[in-house]
Structures are given as C-alpha cells and as structure tokens.
Amino acid sequence: MATPARYLTQKIAKALVWSAALSTIAVMVLILFKVLSEGLPSLGLRFFFDSPKEMGREGGILPMILGTAALTAVALSVATPLGIGTAIFLREYTREGRISRMIRFGTDCLAGVPSIIFGLFGFVFFVIYLKMGWSILSGGLTLAAMILPTIISTSEEAIKAIPEKYREVSYSLGGTKWQTVIHTILPSALPGIFTGIILSIGRSIGETAALVLTAGSSLLMPTSLSSPIRTMSVHFYILATEGISMKMAYETGAALILLVLFVNTIANWLLNRYVRHRS
Amino acid sequence: MFAIGVEGELMPQQDKIIIQDFNFHYSVLLALHNIHLTIKSNEIFSIFGPSMSGKTTLLKSLNRLTDLIFRVRHTGAIFLDGKDIYDPEVDVTQLRRRVGMVFDLPTPLRMSIFDNVAYGPRLGGIKEKKRLTEIVEKALRSAVLWEEVKDRLHTSALRLSGGQQQRLCIARVLALEPEVLLLDEPCSGLDPISTLKIEESLIELKKEYTIVIVPHNVQQASRISDRAGFFLSGELVEVGTAYQVFTKPKDKRTEDYVTGKFG
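Residue numbers (the numbering used here), protein chains in the order written: chain B, 1 to 279; chain A, 280 to 542.
Misleading hints may appear alongside valid ones.
Stated by the list, open to error - Keeping only pairs whose Cα atoms sit at most 25 Å apart, straight-line, the calculated SDA-like set for lysine to any residue is:
(1) B:LYS165 - A:ASP346
(2) B:LYS160 - A:LEU347
(3) B:LYS177 - A:ARG389
(4) B:LYS177 - A:THR335
(5) B:LYS160 - A:LEU402
(6) B:LYS165 - A:GLU478
(7) B:LYS177 - A:VAL423
(8) B:LYS160 - A:PHE349
(9) A:LYS406 - B:TYR166
(10) B:LYS165 - A:LYS409
(11) B:LYS177 - A:PHE349
(12) B:LYS165 - A:SER306
(13) B:LYS165 - A:ILE348
(14) B:LYS177 - A:LEU374
(15) B:LYS160 - A:VAL428
(16) B:LYS177 - A:ASP346
(17) A:LYS409 - B:GLN179
(18) B:LYS177 - A:LEU384
(19) B:LYS165 - A:GLU456
(20) B:LYS177 - A:LEU411
(21) A:LYS406 - B:ARG278
(22) A:LYS409 - A:GLU487
(23) B:LYS165 - A:VAL428
(24) B:LYS177 - A:HIS495
(25) B:LYS177 - A:GLU456
(26) B:LYS160 - A:TYR305
(27) B:LYS165 - A:VAL423
(28) B:LYS177 - A:ILE364
(29) B:LYS160 - A:ASP394
(30) B:LYS165 - A:LEU374
(31) B:LYS165 - A:ASP394
(32) B:LYS165 - A:THR335
(33) B:LYS165 - A:ARG350
(34) B:LYS165 - A:SER435
(35) A:LYS406 - B:LEU186
Stated by the list, open to error - Restraint ranges, calculated between C-beta atoms of paired labels, are given here:
(36) B:ALA161 - A:GLY441: 17 to 25 Å
(37) A:GLU407 - B:VAL124: 52 to 60 Å
(38) A:ASP346 - B:PRO191: 43 to 51 Å
(39) A:LYS540 - B:GLY97: 41 to 49 Å
(40) B:PRO191 - A:GLU426: 33 to 41 Å
Hints listed in this document are in silico derivations from the structure and should not be mistaken for laboratory results.
Glycine residues also receive a C-beta, built at the ideal position from the N, C-alpha and C atoms.
Let the sequences and hints guide you as you build the complete structure.
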C-alpha cells in the first residue's frame, strides 16, 4: 500500500515528466508552425526550380539547393570514411591507452569548438592559404571537420555495442581482423553509424556562420567544386538580416524544413529496410 | 588404441594434441597450472569440473582464441600433430580453421542460415556458388540440421530455435572441414531433446574429427566421452577412460565431484 505522501510524490513526478515532454513538443510545434505558416502558403514548386532574381526578392532558390547538397556531399564523403576509420581504429586496433585517450580528447575538443571558429580556420587555411577561394570545396572541408566528432563518437558507440561473442565467432572461424571488421562488425554497427550520418546531414544543412566565411554568398549557379555558393541557411540569413524580403526568407525557411524532413524520411526508410532485411 | 572409422574400419589412434607443462595467467590470476595432457585422434575427450577450474581457458588455448584477451601469458607448449601451435611462424587463422570451436550459447551471426554456414569458407577464399552450396549442405547434414532447414536456407538464422541455432553453429564450424572440434558446454541452454540430438551427432562426428568437449554436467560427460579429465582450480586432477574416471575414480576429489558431494 502506498502511503498518501508517496502517492503525492507519484502524482507530482508524473505531472513533471508530462509537462517536460509537452513543453518540448510545444516548442517544436511552435517553431515549425511559425515558419511553415509564413512560408508555405506562397511556396510554389517554381521556387525550387528557379534562380533568384533581384538579390533574392524574386525568383527561386535552385542554386542554393544544389549548393547545399554539393556541400553536404563533400563534407560527408570526407568525414564518413575518416570518422568510421577512426572509430574502428579506436575499438578494434588499439587498446585503451595514451593514443586512444589523445584521439578522444581531440574529438571532444573539436565537438566543443564554436562553428564560427571553424569558419575562421577554414577561411584562413582553405580559402586563403590553400588558395581554394570561397568554394564548395573550402566549405565542404570545413564542414567535414565540424561533423567528424559526431561521426566518430556515434560510430564508436555503435561498434562498442556489438556483443563480444560476434567477434569471437568470426575469429574462431578463421577470420582475420580486417575480415572480422568488414563482415561482422561493420554490418552490425551500420544502423548506429547511419544515425550519426543523419545527424551530420542535419548539421551540414543548418550550418550558417562557418559557411559565410568559407563557401561565400554567391547567387550564381554552381558549376564545379571550386564555385562559390550560398547555402540555403546563408540565403535565409542574408534575406532576413539585410531586409531584402521577409516573405522570401520564410519561403526559404519552409523549403529548408521540408528538405530536412525529406532527407530524414528517406534515410529512416533505408535504415528500416536494412534492419528488416538482416533479421 | 583403435577407433572406428567412417566405413566401420578400425583405425589406429594417434596423439592429436599434446599439452606439455602448460601454465596460463590472466593478468595476475593463474588459470591453468602445470597441465600435461594428450588427446588422441577420433576420440571424444571431456574436460569436466566445477566452474572456475580453467576448462574454457584450456579449450580456448587450443585454438589460440585466448590471443584476443588482454594481458594474458602462458608458458609450456601445445602440439597439434607434433607442431607447436604457439610457434611464431604459425598462421593463427589457419590454426583456427583446423581447430574449430563451438561456444556455450548459440551465436548465429545476424545473417541467413546459408550465409552463417558459408561464413568461414568465404573468408577462406571460396567464392564459387556451386562449391559453397555443396559445403553448406554437407555441413548441415553432418550437424543433423539439413532436413529441418533445407527449404529456408536464405531466411534469417535468428528465427531458428535454440537447439537448431546450436546445431547451426556446429555446422558452421564443420564447414571449415577442421580436424579438431572444441565444444564449450554446447548444450547448456538447450532442452533434453535438442541435447540428445547434439550428442548423437557428436558420436557420429568423432569418426572424422577429434572432439574436445566441456560437457555441461557429469551425466553428459559419462554418456558421450571416450576419455575424460577432471579439472579443479586450474589443475588436472585425474585423467583416464570415461569408464574408469566416472565409475572408479582414483582421486578422492574426483570421486567427490562425480558422486555429487560438491560442484
């Protein structure tokens, strides 16, 4: 039998966790509602397939969408192999020791650095020193450095979660370390690694500060990896802060949200398919 | 000594594994002390005793799975067909193919039945589909699982029952065509019917393989083994034919364990 005092504690606890959950949802809904209600009604398909005119007062955002996609692709294609490789090294190829502690300390620091510092570094190193200029490449490499810690730590967690018995089985069947990694460890860790990649995509699409400094703010259609671009977030930022067009800013914001939702849905669908296929 | 071969012929038994003065340490803990033991070809040898007596350690030393553990060391030697398995020139992956291991709990990998059995051969470089199909069928037949799974080879191995999963693990090892089979309490999580099936297949398998098993109880050891060794706190107390060890043990400690006074 619960005493009255205990009963009261129960009630309060229940109220607290419910209100925590509800306020979280409320904040999310509010933000989405504000941006979508301002942006969606006037958003037409044409917006996605047109180039901007008059500094973005008219037209669409096709160059920004392409630029954002190219930038994310560059960042992921650099950071994913590096990150997964580092995670495999940390978990399978080295024991807990000075080197692994140093790498972990490094990635933790990297994760805590404000994005504008990455932007400054990218500007000084890629844009000026390596003479890449404001470009997809400079921006993508800067982003890669920013998402690397996320990919390393999620991959490492995913690999750590694999029961020791699977390794033992693979080795006992005459597997080498590399074969064990490729055929047993990576397939089992893939869902977790994928989560890290999805988070990184979200971060890449949303990043603004670092990219103004490294990818530029050109309105032109990108033609190669060395083209300067303006990502959707940067476009949104410039439209809103320079008073060019709030309407177009909200439309860009709505488009950004739809794009992220689209990417996440596709990614989740792929992931579920993979998991179902394997069990 | 003779063993009965595949076609019922008598075969002379050889010394398959010779363990000499073997000591094994985990960090500071001495797990095996001064082990001398010879295991003959085509016999089922039981390593039995209470838990923490070093049985699994000895088993894993025989195919060097102990290499995976951090901070361990050993002294002494283990010979397989006269060659020291701890010799620096030994290819460990090759050794593990010759000395296959089945673990105490069924450990199907998260893939289809076919892929589980084909895992080892594929790692060994066999890619040809037809050859793999033959190997998989032969291994599943030897593990007495073929009839139950032949129509669903490409479904997930995780959907099999516990007993079927353990026979799958045996098949997976047999697909490597090893010479020695190590089994670490292979029936510990299984029902009596599955246990019986596995025991039957082991007796069939010893015609072709040398089997070293850690049985999950004394009864199982006495049912299936030809010879047995009693381990206690890392020492080999007594070794002899199964009949002698289980009915007329020479050592008081063996007798107490076999008759259930402790353990």
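Right, here's what the structure says about each hint:
The hinted pair formed by LYS165 of chain B and ASP346 of chain A meets the criterion: a straight-line CA distance of about 14 Å does not exceed 25 Å. Note on LYS160 of chain B and LEU347 of chain A: the hinted pairing holds, with a Cα-Cα distance of about 16 Å set against a maximum of 25 Å. A C-alpha spacing of about 18 Å is found between LYS177 of chain B and ARG389 of chain A, which places the hinted pair at or below 25 Å, so the restraint holds. Distance check on the hinted pair: LYS177 of chain B and THR335 of chain A sit about 22 Å apart at the alpha-carbon level, within 25 Å; holds.
For a cut-off of 25 Å, the pair hint linking LYS160 of chain B to LEU402 of chain A stands: about 23 Å separates their Cα positions. Restraint check for LYS165 of chain B and GLU478 of chain A: the C-alpha separation of about 23 Å stays at or below 25 Å, so the hint holds. For the hint pairing LYS177 of chain B with VAL423 of chain A, the CA-to-CA distance comes to about 31 Å; that exceeds 25 Å, so the pair is violated. At most 25 Å may separate the alpha-carbon atoms for a hinted pair to count; LYS160 of chain B and PHE349 of chain A meet this at roughly 16 Å.
Between LYS406 of chain A and TYR166 of chain B, the direct Cα distance comes to roughly 22 Å. Compliance with the 25 Å bound is thereby established for this hinted pair. Under the criterion of a C-alpha separation no larger than 25 Å, the hint pairing LYS165 of chain B with LYS409 of chain A is inconsistent with the structure, at around 30 Å. Annotation: proposed proximity of LYS177 of chain B to PHE349 of chain A holds, straight-line Cα distance about 15 Å (limit 25 Å). The hinted pair formed by LYS165 of chain B and SER306 of chain A meets the criterion: a straight-line CA distance of about 21 Å does not exceed 25 Å.
For a cut-off of 25 Å, the pair hint linking LYS165 of chain B to ILE348 of chain A stands: about 12 Å separates their Cα positions. Our distance criterion of 25 Å between C-alpha atoms is met by LYS177 of chain B and LEU374 of chain A, whose separation comes to about 15 Å. The straight-line distance between the Cα atoms of LYS160 of chain B and VAL428 of chain A is roughly 33 Å, outside the 25 Å bound, and the hint therefore fails. Taking the CA atoms of LYS177 of chain B and ASP346 of chain A, the gap is near 12 Å; set against the 25 Å cutoff, the hint holds.
Distance restraint check for LYS409 of chain A and GLN179 of chain B: the Cα-Cα separation of roughly 22 Å lies within the 25 Å cut-off, and the hinted pair is therefore satisfied. Our distance criterion of 25 Å between C-alpha atoms is met by LYS177 of chain B and LEU384 of chain A, whose separation comes to about 23 Å. Note on LYS165 of chain B and GLU456 of chain A: the hinted pairing holds, with a Cα-Cα distance of about 22 Å set against a maximum of 25 Å. Taking the CA atoms of LYS177 of chain B and LEU411 of chain A, the gap is about 23 Å. The hint holds against a cut of 25 Å.
The suggested pairing of LYS406 of chain A with ARG278 of chain B holds, with an alpha-carbon distance near 21 Å, which does not exceed 25 Å. Note on LYS409 of chain A and GLU487 of chain A: the hinted pairing holds, with a Cα-Cα distance of about 24 Å set against a maximum of 25 Å. Simply put, LYS165 of chain B and VAL428 of chain A have alpha-carbon atoms about 24 Å apart, close enough for the 25 Å limit, and the pair holds. Annotation: proposed proximity of LYS177 of chain B to HIS495 of chain A is violated, straight-line Cα distance about 31 Å (limit 25 Å).
Between LYS177 of chain B and GLU456 of chain A, the direct Cα distance comes to roughly 21 Å. Compliance with the 25 Å bound is thereby established for this hinted pair. About 23 Å separates the Cα atoms of LYS160 of chain B and TYR305 of chain A, which keeps this hinted pair within 25 Å; it holds. Restraint check for LYS165 of chain B and VAL423 of chain A: satisfied, since their Cα atoms lie roughly 24 Å apart, inside the 25 Å limit. A threshold of 25 Å between alpha carbons decides the hint, and for LYS177 of chain B with ILE364 of chain A the separation of about 19 Å falls inside it, so the pair holds.
The straight-line distance between the Cα atoms of LYS160 of chain B and ASP394 of chain A is roughly 24 Å, inside the 25 Å bound, and the hint therefore holds. The straight-line distance between the Cα atoms of LYS165 of chain B and LEU374 of chain A is roughly 19 Å, inside the 25 Å bound, and the hint therefore holds. Distance restraint check for LYS165 of chain B and ASP394 of chain A: the Cα-Cα separation of roughly 17 Å lies within the 25 Å cut-off, and the hinted pair is therefore satisfied. As the CA atoms of LYS165 of chain B and THR335 of chain A are separated by approximately 14 Å, the hinted pair is consistent with the 25 Å bound.
Straight-line distance between C-alpha atoms of LYS165 of chain B and ARG350 of chain A comes to about 19 Å, which keeps the hinted pair within the 25 Å bound. Straight-line distance between C-alpha atoms of LYS165 of chain B and SER435 of chain A comes to about 18 Å, which keeps the hinted pair within the 25 Å bound. Simply put, LYS406 of chain A and LEU186 of chain B have alpha-carbon atoms about 21 Å apart, close enough for the 25 Å limit, and the pair holds. Remark: the range hint 17 to 25 Å for ALA161 of chain B to GLY441 of chain A is upheld by a beta-carbon distance near 23 Å.
In this structure the hint that GLU407 of chain A and VAL124 of chain B lie 52 to 60 Å apart at CB holds, the actual value being about 56 Å. At about 30 Å, the CB distance of ASP346 of chain A to PRO191 of chain B disagrees with the hint of 43 to 51 Å. Taking 41 to 49 Å as the suggested C-beta distance range, the pair LYS540 of chain A and GLY97 of chain B conforms, at roughly 47 Å. At roughly 35 Å, the beta carbons of PRO191 of chain B and GLU426 of chain A sit within the given window of 33 to 41 Å.
Of the numbered hints listed earlier, those contradicted by the structure are 7, 10, 15, 24 and 38.
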